[in-house]
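Peer 1: Take a look at the letters that make up each chain.
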Amino acid sequence: GIVTDASDGQPLPGVNIIVQNAPSVGTSSRADGAYSLSVPSETDTLIFSFVGYIKQEVPIDGRSTIDIALSSDIQALDDVVVIGYGTQDVDDNTGSVTAVNADDFNEGAITSPEELFQGKTAGVNVTSNDGAPGSGATIRIRGGSSLSASNDPLFVVDGVPLDGSGVSGMRSPLNTINPNDIASITVLKDASATAIYGSRASNGVIIIETKKGTVGQELKVNYTGKFSVQTNRNQVDVLSADQFRNVIREQFGEDGSQYLGEASTNWQNKIYKQSLSQDHNLSFTGAVNQLPYRLSLGYSGNNGILKTSQLDRLTGSLALTPTFLDDRLKIDLNLKGMQVNNQFANQAAIGSAVVFDPTKPVKVEGENRFDGYYTWVDADGSPISIAPSNPVALLNQTNDESTVYRSIGNVKFDYTTSFLPELSATLNLGYDYSDVGDGLYTVPETAAFEYSGANEANGVRRDYSQKKENELLDFYLNYNDDLSSIDSKVDLTAGYSWEHHYSRGSEYATNFDRSSTLVVDQDTDYETEHYIISFFGRMNYTFKDKYLLTATLRQDGTSRFSEDNRWGLFPSAALAWKMHKEPFLKGIDDISQLKLRLGYGVTGQQRIGQGDYPYLGRYTYGEPTASYQFGDTFLETLRPEGYNANLKWEETTTYNLGLDYGFLNDRIYGSVETYYRETTDLLNVVPVPAGTNFTNRILSNVGTLEVKGVEFNITGRPISTDNTFWEVGFNLSHNTNEITKLTTADDPDYIGVETGGIAGGTGNTIQIHSVGHPRSSFYVHEQVYDQDGNPIEGLYVDRNDDGVVDEDDKYRYQNPDADVTLGLSSRLEYKNWDASFSARASLGNYIYNNVASSNSFYSDMLYTQYIRNTPTSIFDTDFNTEQFHSDHYVENASFLRMDNITLGYTFSDVLTAVSSLRLSATVQNAFVITNYSGLDPEVFGGIDNNLYPRPRTFMLGVNLNF
Amino acid sequence: CVDNLNTSPLDNDIVTSEAVYETPEDYRQVLAKLYAGFAATGQQGPSGNADIQGIDEGFSSYIRQFWVAQEIPTDEAVVAWTDPGLPEFNYQSWGASNDFVMGMYSRIFYEITLANEFIRNANGNENSMVQSYNAEARFLRALSYWHALDFYGGGIPFVTEKDGVGAYNPQPASADSVFSYIENELLAIEDQLPATGQNEYGRAGQAAAWTLLAKLYLNAEVYTGEQRYSDALSYADKVIESGAYALEDNYQHLFLADNHTADGIIFPITFDGEHTKTYGGTNFIVHAAVGGDMSATEFGIDAGWAGHRTTPQLVDKFDQENDSRALFFTEGQELEIQDIEDFKQGYAITKWKNITSDGQPGSFPEFVDTDFPMFRLADVYLIYAEAVARGAEGGNTAKAVDLVNQIRERAFGDASQNITPGELTPEFILDERARELYWEGHRRTDLIRYGHFTSADYVWAWKGNTQEGAATSDHYALFPIPSSDVNSNTNLTQNLGY
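Residue numbers (this note's numbering), protein chains in the order written: chain A, 1 to 962; chain B, 1 to 498.
One or more hints might be untrue.
Claimed, not checked - Below, a sample of chain B positions facing chain A; criterion: calculated Cβ distance under 8 Å:
no.	residue
1	Tyr35
2	Tyr110
3	Asn250
4	Gln252
Don't read these hints as lab results, they were simulated from the structure. Cβ coordinates follow ideal geometry from the N, Cα and C atoms, glycine included.
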């Protein structure tokens, strides 16, 4: 028979097979999964066992061929989890750590790693930024802990912390990592787990480990191919050409109808397309003597649904994990390289397609200018720059492309001394380089939307480049000993870490045609660096294999703060109690695991988004376009910059209480956690006392933010039999935050920091950070409705009862963060079939519908010499003028989204050369259930303003093993 | 190795404070920033790397804010836009958290802080060039302090080069002490500044300081309760008698793309479509005035922003037929303003253009070349005349009448509209100032000096938020100190009424 892996149909070599009543009779499966065995009796039972898989007992029943698929034992795979600077038995873990392994990753046309675990982990919200190909996602672990500093978690890939800031010319810095190369993603949530990463750990740490070969493995070749069709799921409801004609005539008579055209154009249909994408990966895994290797090559071609957007990615990775000196020296070498070709669509077309006059054609016959595209022009025939631009022209006349190279690599030496085998030393050298040398954005001189005048140099050409070089050196010692005389185990780690982050880049912007009057709009270059140097230590102490203590300490130094504030000390401690090992629970067979965890820790934040020298007095040269005339010459100016010499770390203190449970031999397992987190010295941009600094607002350590939450997750296997396996996972998280301090002096009149800029007008904001409220609460007027439930234009509640409705009557109404998020996933296997789905729900998240608020009012439909379309929401409000701050536009955007549904079938004996073949079909973003009136209820930050629609994707997948 | 943590900027565009002032050329470039503080809004142009935060960068322009504060609350202009905080300027109904109140204040104190830093460093330098620059820096600081006093009163924080940079709360001054400080600074530097007309174009000379002194003295009673008309007269006379300036023959040439060649501009803030790009300044003044049936091309710009018009009350002050200063656009425009957001209500104004005196467009249609005449000779003539009309000592009525008539002869092309000594009254001068200086950033100060800004004795369309106009509370004669500063600097006290 043949033994295969139930999840992907790949043959499983090395599986132990014995006869139940004759344990001395046995064999193991070969590289192709095949085995043969002479049995003493045809009525006996075979036992199949393999590390990481569920043991199966199969009666022979007189058969001569028994093929079997082994299901992975997830709990067992989790035996070891990756933590900062080391690994740990999951059993001995004291912090809040969740690992998602390759088997559990979401399926589908996935180009970015964060999509792999979307919805899989309690307390981790992954919101894809939009539907552009290769677009990134915003990840919030337990809601984040900062206001103005970064709330992104730290990513560590094979021990190399990634540069958190973006890469120019890339939609997401993470999509340079091929998801197919990833073996596991581990999320460290609480401070006792993250504090070893000190000053960058306040928002959690995500550790990505890539796949590697193993010793003794024969060459295994794997090919996966994915072919997908992406379709637009939804459009903004706007007036049709006929509706538009009627409204214009009714509202404005001849004043408006004089501008109406004869065509009927659905502009959204003109800018979106169905697109085909493909993804191919080839990997070679094996070992040459003591040298295990894995080599993979990947190609991904992803066309977005907005015309002219495209992403092509080539990736290659090599992992070598040789051992020397009788396994005392282990070397772990990982090299990853990618080339990404991006073609960005001009996303201004999305907003323009909503408001562009539907009675106009895309192109006008006989129009010689503007490449024939219909364009609003004034009496002089010049394009009206403030009128909407032709959406199709925006797409077709914009060329925005870049090629980005990135390489991440590390080599880790792990040496155990022969005289003291408990002691090992590790040296890890890593780098993360990226280079975009040829970012180019061009708009030809014929484009109306970059027109500056009949005799002028029109169009735009912008060249940009960026180079980033990040380097890492870690050195640490580990001492691991069983002190059996006192029934204890100790695991001590101490080390040093050095990181250098360097980047430089330039941007040169001019008119399109460089030969005509040369206009240099911008010519900037920059170069900057910072260092982080750290000392860290950890102690794990286990007593009687029941009582666990972990303590860590990290001292971080950053070059971003002045010498006086440079160093920060970040301690943590955690206790765990394996209750199931106590005598009073040992008798209860149904309880396989019960572990109580208690953790405390302090972490910091130094990604403050203010450059690398915010504490330093410095002067900056101005650009030629901001110079000043002295006589006949124009002088480039020299400006002193505002600075805060007292700037220091944000500090977040976290308390975590958790219970891990497992019942019925871990057929049901999971955990419950609750946490409280307080960030002090919160970095906030506050007004500077006038006259004291070279700016009016400065980043200072002034505020305090509290975050509380509860998390629950459960995984169960309702069915686990010979040919049927069903696993269901569910998680729930509740999270709230409240700002408790924002200014140095407590001032009850201080309304807070207005934030959340919106489209419409200039300088309008819709959100506020206020003391006593969640961050980014919507700051709006309370709308008054008539008896039919229609909003009365301009009528708001006088909330302070002073007789006038003004700024002081605004109130804080809801916020964009969900109260509760839920994740549900299921995987069912029956014989060679498998079916799975993954869904997410979000409750109590609110969105400000800026698409409606900035476009849906009659006075926005007619301007001098042009007209604009509007969303159909205008019929709900009937507003004549803009009502940006009405709470009518703040909508409950709770939703349920079916992220993916997959059906697969595995063929085990197709061809002799092919050991297994799995075909699968997936629907991604299958459906969304919501009451939100806009396009998509999932908008990070809560302001919906012409999102690139997330497509619905139909995918066919092939997985071949040779 | 922990020494790596001692980094210094790698970027060639960044210099540390310790290393910046090495040569007179370094001082010159910082001085250029002090001037550019009035024109540009950041280091990139037209936007990017802004000086002021918390407000749209284009809005944050010194001249734009200054123009809005001086013109929109008066009879000279209304604005159609509804950007947060702006409509309140049409009605005189701003509060302490108003974005534009904060924007002007932040811009003024940004300029003062910048100047203090320059002066702190220049004071120790004996180079004569640097000392000359230093006098200009002190002039610019005095100019900003005058704006602060005029807009926000005497309760403003008071900082000089003696105060450092960093975390502290400056003490408020009093109106008397700010007034004396400005006066003494200008008196101290008047002889250090280059002689009248001798400095490079764009830079302040002696006459700029004299004009500022004249304007400070003219309004002294508003600031300190004490009349100083005689001093106003004597400093106006210094400018006139220097003989360095003449009235420009063609009134409109003062507001065109090549107005750097026009006569009679004593102190301009310079703008340039290629080198000093901004969404504020004169670029804003020219663009915002164009809308309705007006042709953008005729103004040398890409497109109008359809914002500003004037009230019927300003129109009434003109003999539209004969006064060449009556630069109204009336086609398709209604005189009366019922809907303030409709550009076509209220006459538009064609005074400012990005067209040269010989009819050519400026260098770029998106960004104008037109300079802003902060001080010009006709203003000084009218200060002299007003001081005489108000009974200043040392004045000469005949000279005053002659100065006024020079202005009127230019306006009417002949002597037919000349005034007699009997017609030289303060109220006449106020109206003449409106006719000559409208839309140049003088009106609010003038109306306050005459007691007309908030009171019932002169109202105009939408004053006090009614179309016919109504009195407003007297406290609107001063803007509030922005709540952002009252909240962060606990030494400050909010202006009365806010």
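Peer 1: Now tell me, hint by hint, if it's right for this structure.
Peer 2: So, going through the hints one by one against the coordinates:
1. Hint status for Tyr35 of chain B: holds, given a least beta-carbon distance of 5 Å to chain A, under 8 Å.
2. Here the hint on Tyr110 of chain B is kept, as its CB sits about 6 Å from the closest CB of chain A, short of 8 Å.
3. For Asn250 of chain B, the shortest C-beta to C-beta distance to chain A is roughly 22 Å, which exceeds 8 Å, and the interface hint is violated.
4. At its closest, the beta carbon of Gln252 of chain B sits 21 Å from a beta carbon of chain A; the interface hint therefore is violated under the 8 Å criterion.
The structure fails to meet hints 3, 4 from the earlier list, while all remaining hints are met.
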